Amino acid sequence: AQSVTQLDSQVPVFEEAPVELRCNYSSSVSVYLFWYVQYPNQGLQLLLKYLSGSTLVKGINGFEAEFNKSQTSFHLRKPSVHISDTAEYFCAVRGSDMRFGAGTRLTVKP
Amino acid sequence: IAGITQAPTSQILAAGRRMTLRCTQDMRHNAMYWYRQDLGLGLRLIHYSNTAGTTGKGEVPDGYSVSRANTDDFPLTLASAVPSQTSVYFCASRVQLAKNIQYFGAGTRLSVL
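Those protein sequences? They're chains A and B, same order as listed.
Mapping of the first sequence onto our numbering: residues 349 to 458, in sequence order.
Mapping of the second sequence onto our numbering: residues -14 to 98, in sequence order.
Just chain A, with the same shape it has in the complex (with noise of 0.2 Å):
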């Protein structure tokens, strides 16, 4: 089975300013990876996806995720983020079932 693990709950930044949430993963099996974001009392949405190929990959919003083999890592980040940004964050690793991280609570200031 594959794990997930975001590595902080709670990334407060200010509006304009760059953010980057953290994801590692741990697999013995070749894996897809995913971001869901979830708005306030909101299902999950797909913000991106990597399957294969490039391993940067851009989503929606202005979101972009860079896929490390080597480090296992599958990090979002977005350059300037808005207010609207405000959303909690899922990372998920799908290899022989699909697995969820904990979440990234990312509140935008402003």
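Hints were generated in silico from the structure; no laboratory data involved.
In this text, all values refer to a predicted model and were calculated from it rather than measured experimentally.
Note that the Cβ used here is the ideal one computed from N, Cα and C, for glycine as well.
Heads up, some of the hints might be wrong.
Only some residues are given here: those of chain B computed to face chain A with a beta carbon under 10 Å [what the hints assert, rightly or not]:
id	residue
1	G1
2	Q22
3	L24
4	G25
5	Y49
Take the given structure of chain A and dock chain B to it, following the hints.
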């Protein structure tokens, strides 16, 4: 609008009562899933179904049962609710050929007292 519908959106339940959470999708997805979301633990898989007529146990199946009589519906039943089942429950579905992307419902917030 196509998607996944969960009902109810929230429920307060007395311990020992039976409860069924409903999940319906109109996207004709083969696979469906039930997760519970708890603070600090992320989402944990309760049960899944790869296709109509089949179900399987996930990471935390105890105290829950599911059925998949048809493609669209995947109800989750708590036969005798306990306070530790207080959580937010999410149903998800996936097309087998869609590169493992799961689509989620809006969730059911359940409180067992």
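Now for the hints, and whether the structure bears them out:
1. G1: Not OK, violated: G1(B) not within 10 Å of chain A, min 28 Å.
2. Q22: At about 8 Å, which falls below the 10 Å cut-off, the nearest Cβ of chain A leaves the hint on Q22(B) intact, so it holds.
3. L24: holds, 8 Å
4. G25: holds, 5 Å
5. Y49: Hint violated; Y49(B) Cβ to chain A Cβ min 17 Å, cut 10 Å.
In this structure, the earlier hints numbered 1, 5 are contradicted, and the remaining ones agree with it.
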